[in-house]
Amino acid sequence: MEVFGQHGYIVRSLPLWMKKIDENIFVDTMIQEVLHKNHLDVVALQDHAIATLSCKASLKANTYLSQDDMQTIFDNLMRCDNPYVCPHGRPTIIFYSDYELEKLFKRVV
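Positions 1 to 109 (UniProt numbering) are the ones given, in order, by the sequence shown.
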């Protein structure tokens, strides 16, 4: 991306890792950021694009996984800097004590 004048930008291409990102949406997001914030944070845009790409590539509900598949995913997750949330901040791991589970199922004695 090149800066063109004081408030102009020219996008000639996107990085190879962005090949699965919709270019029109990405450029529109850039335009909206410039219009609303009066500047462009390229690093924040890249972080957002990476987070969006990772979520789109994630497992979806009702996907069958073998025990080995689950273990591989868990092992990879544990290698992350912060394995407890996705790039958008949603939890990836939750813990319930026995008491909390019993309470959820109204089995507290």
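Be careful, since some hints might not be right.
Computed beta-carbon distance windows for the label pairs [what the hints assert, rightly or not]:
id : residue 1 : residue 2 : range
1  : Asn76     : Met18     : 32 to 42 Å
2  : Glu23     : Leu101    : 25 to 35 Å
3  : Glu23     : Glu102    : 17 to 27 Å
4  : Glu102    : Asp41     : 21 to 31 Å
5  : Met78     : Ile50     : 34 to 44 Å
6  : Lys103    : Ser54     : 49 to 59 Å
7  : Arg107    : Leu16     : 21 to 31 Å
8  : Ser13     : Glu102    : 55 to 65 Å
9  : Phe74     : Val43     : 49 to 59 Å
10 : Asn82     : Lys60     : 14 to 24 Å
11 : Ser13     : His88     : 36 to 46 Å
12 : Leu101    : Ser54     : 28 to 38 Å
Hints in this document: simulated from the structure, not taken from any laboratory.
For glycine and all other residues, C-beta sits at the position ideal for the given N, C-alpha and C.
- Query: Can you name, in rising order, the numbers of the hints this structure does not satisfy?
  - Reply: 1, 2, 3, 4, 5, 6, 7, 9, 11
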